[in-house]
Amino acid sequence: MLALRLARGARPAVQLRRFLVAAASAGTGFLLLCTLGFAMGHPHESSGAVTRLAWCLAPLAATVQFAVAVARTDPATRPRPGLFAIGLGPARLMLLAAISTAVSCTLGSLIALLCVLHLRGDLNGLPFDGEASELLAGNQPLPLAATITLLALVPIAASVASALSLRPRGGRQSGARTTFGTGTQAGATEAGGSAPGDARPDAPGPPEHPYLAPGPTPTGLPWGVAVLTAGLAVETYASRSGPASGPALPGFHAGGSAGVLIGWALTTLGLAMAGPALTHLSGRLLQAVRPGAVRLLAGRILMEEAGRIGRPLGVVCAVASGAYAMAALYADARPEIGPLTVLGLLIVAGCAVGTLLTAAVEARQDRADTTAALLGLGTPATLLRGAAALRAGALLAVLGPLTWAIAGLAAVPLTD
Amino acid sequence: MVAPPDNDVLWARALHVKHNGSPALSGVSLGVRVGEILAVGGPRGSGKTTLLRCLSGQLLPQQGEVWFNSTPVHTMGPHARERLRRDRFGWIDPAPVLVPELNAWENAALPLMLRGVRRRQARTTALEWLERLDIGGCARRRPYALLQAERQRVAIARALVPAPTVLFADEPTAPLHRVDRANVLRTLTTAARSHGITVVLATHDADTAALADRRVSLLDGRRVNTVNLPPAAETESEGRAACSLSA
Numbered sequence: 001m002l003a004l005r006l007a008r009g010a011r012p013a014v015q016l017r018r019f020l021v022a023a024a025s026a027g028t029g030f031l032l033l034c035t036l037g038f039a040m041g042h043p044h045e046s047s048g049a050v051t052r053l054a055w056c057l058a059p060l061a062a063t064v065q066f067a068v069a070v071a072r073t074d075p076a077t078r079p080r081p082g083l084f085a086i087g088l089g090p091a092r093l094m095l096l097a098a099i100s101t102a103v104s105c106t107l108g109s110l111i112a113l114l115c116v117l118h119l120r121g122d123l124n125g126l127p128f129d130g131e132a133s134e135l136l137a138g139n140q141p142l143p144l145a146a147t148i149t150l151l152a153l154v155p156i157a158a159s160v161a162s163a164l165s166l167r168p169r170g171g172r173q174s175g176a177r178t179t180f181g182t183g184t185q186a187g188a189t190e191a192g193g194s195a196p197g198d199a200r201p202d203a204p205g206p207p208e209h210p211y212l213a214p215g216p217t218p219t220g221l222p223w224g225v226a227v228l229t230a231g232l233a234v235e236t237y238a239s240r241s242g243p244a245s246g247p248a249l250p251g252f253h254a255g256g257s258a259g260v261l262i263g264w265a266l267t268t269l270g271l272a273m274a275g276p277a278l279t280h281l282s283g284r285l286l287q288a289v290r291p292g293a294v295r296l297l298a299g300r301i302l303m304e305e306a307g308r309i310g311r312p313l314g315v316v317c318a319v320a321s322g323a324y325a326m327a328a329l330y331a332d333a334r335p336e337i338g339p340l341t342v343l344g345l346l347i348v349a350g351c352a353v354g355t356l357l358t359a360a361v362e363a364r365q366d367r368a369d370t371t372a373a374l375l376g377l378g379t380p381a382t383l384l385r386g387a388a389a390l391r392a393g394a395l396l397a398v399l400g401p402l403t404w405a406i407a408g409l410a411a412v413p414l415t416d
Numbered sequence: 001m002v003a004p005p006d007n008d009v010l011w012a013r014a015l016h017v018k019h020n021g022s023p024a025l026s027g028v029s030l031g032v033r034v035g036e037i038l039a040v041g042g043p044r045g046s047g048k049t050t051l052l053r054c055l056s057g058q059l060l061p062q063q064g065e066v067w068f069n070s071t072p073v074h075t076m077g078p079h080a081r082e083r084l085r086r087d088r089f090g091w092i093d094p095a096p097v098l099v100p101e102l103n104a105w106e107n108a109a110l111p112l113m114l115r116g117v118r119r120r121q122a123r124t125t126a127l128e129w130l131e132r133l134d135i136g137g138c139a140r141r142r143p144y145a146l147l148q149a150e151r152q153r154v155a156i157a158r159a160l161v162p163a164p165t166v167l168f169a170d171e172p173t174a175p176l177h178r179v180d181r182a183n184v185l186r187t188l189t190t191a192a193r194s195h196g197i198t199v200v201l202a203t204h205d206a207d208t209a210a211l212a213d214r215r216v217s218l219l220d221g222r223r224v225n226t227v228n229l230p231p232a233a234e235t236e237s238e239g240r241a242a243c244s245l246s247a
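Protein chains in written order, with the UniProt record's numbering: chain F, 1 to 416; chain S, 1 to 247.
Some hints could be false.
[Unchecked claim] Derived DEER-like restraints, expressed as beta-carbon distance ranges:
#1 Ala349(F) with His16(S): 48 to 56 Å
#2 Thr226(S) with Gly89(F): 39 to 47 Å
#3 Arg193(S) with Pro401(F): 51 to 59 Å
#4 Pro401(F) with Ala182(S): 52 to 60 Å
#5 Thr71(S) with Ala405(F): 51 to 59 Å
#6 Ala10(F) with Asp134(S): 43 to 51 Å
Please keep in mind that the hints were generated in silico from the structure rather than gathered at the bench. Just so it is clear, CB atoms sit at the ideal spot from N, CA and C, and this is done for glycine as well.
Bound-form chain F, shown alone (with noise of 0.2 Å):
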């Protein structure tokens, strides 16, 4: 009950993210239940039928992550002092988290049960009644235990995630270096260890204490670039061998073979892996030298934030660089391109600049302190707009030709 109650009085920007995080599990939701259609429509193409479940998952993981940004910035699961004083500590909020994730994304769920539902023709009295009948296999009845599933499947993904992401952690503040550390190794590890008088407080702290350690630098480059480029060799290596029939995707008739796909995927996954270290890197040359005070704040706020921003940048590079890729794969098939396709892809790339926005915002908020601080000692509005500009840009110029160099390989091997 508290969940909805805290829903209702939220503010609209926190509503707009609710409801986009229920439109991206409706339109995961819909995908699901056409996969279904088609398997109850064609009973002796099952590998098909497999492959589109499949596909279905790419959908699948961006909403989950979607949803899971969106839990993380949502203010009624934020730790407060008050409620922490009451006893509504991260563990309850956790629940709270849960619940009100669960909630956006069933509301989504049964919107795209609705659709299909109506699309089949099941339902009277609307346009388009009954137009994909055939698609969805409309002279079958739908089976009850397989739509549940597949419909509870986003809802649960999204909610264990949040729950997961949000769970309470004692390593996260214990590896704060606090104020007993006299900065020397043998201070920190003392104060790290078991200082007698070394408060550890599961959340975050009155407002006199908000200083944590910085988190470890991110060190995902290294692992980044070698699965990208084990991907970029799978994938010349697979195209080498020949035009295979393999997992196309729906709605196109000409398949990669699965090693051009599986090297694909590993170079977004390298990308990915490589975000947040490229972001670090991004802020380390912006304040590099002789910065004044723009460079100097843009670049360490992008250094501090180079974990939280950096993931979902990488992802949605990965995601940028397939979407040329692919582009350059299936570019003389481009009529063929099925209205599902475009509806998963769109849902993949909402979800991915969506996340990325979202984390955005998470960062902003719990900056908050510092940027009334900076504009109380008179800082003027237009300095700190221009280094979130400068943050913008930097990225853009280190992240911007390495996703487009990284997508013209990865295009290479699969026009030939």
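Take the given structure of chain F and dock chain S to it, following the hints.
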């Protein structure tokens, strides 16, 4: 509109402030002379912070006037007040609010950099002030690695570095222990006196107020001459007697 006296650097007349309807200041008038250290006393909730925020142009009073060096602050737009805060005023919060991404000297040099001073010069000045406040050794450390007293000194250095005309200190020693408190206050007052900086110091502590040249007391948003509250012990025993069922 009456022009303020000439020797007052800051002058406020009949300030009325309400926070969302709840009264914070009702008719406070005040003059701050050049180079003096003025303590604004009074218990918690008496409107000290609100008064300082009004005087420093962070908050516009609903009624009343604030003049700085014969310039009306209460009629300025937000940009002009922002520039005034940046160029003329310094501000110290009760708890040190530093930028966590920057190290100690960068935090202290930030106001100078915001004014467009070159990096090398800003750095030299900031390091000098950190030395004067006995924290030259941790100039390269980030705020998370500093003790609370050291952070507060960095915040004081940040307020003093641009050599402000007026320094507002809102309970600068509230989160500190007594030893640190005395140290921090001594450094603050010494620095202000040696550089001719006017200080407006909000405090509810009589020892702290004793370091000031002059003292002004607030009680429930009004200016009073003495803060004499009725003794609490009697009222408590009365209340207990009234509530007790066995009596």
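To see whether the hints hold, each was checked on the structure:
no., hint, verdict
1, Ala349(F) with His16(S): 48 to 56 Å, "holds (55 Å)"
2, Thr226(S) with Gly89(F): 39 to 47 Å, "holds (45 Å)"
3, Arg193(S) with Pro401(F): 51 to 59 Å, "holds (57 Å)"
4, Pro401(F) with Ala182(S): 52 to 60 Å, "holds (58 Å)"
5, Thr71(S) with Ala405(F): 51 to 59 Å, "holds (57 Å)"
6, Ala10(F) with Asp134(S): 43 to 51 Å, "holds (48 Å)"
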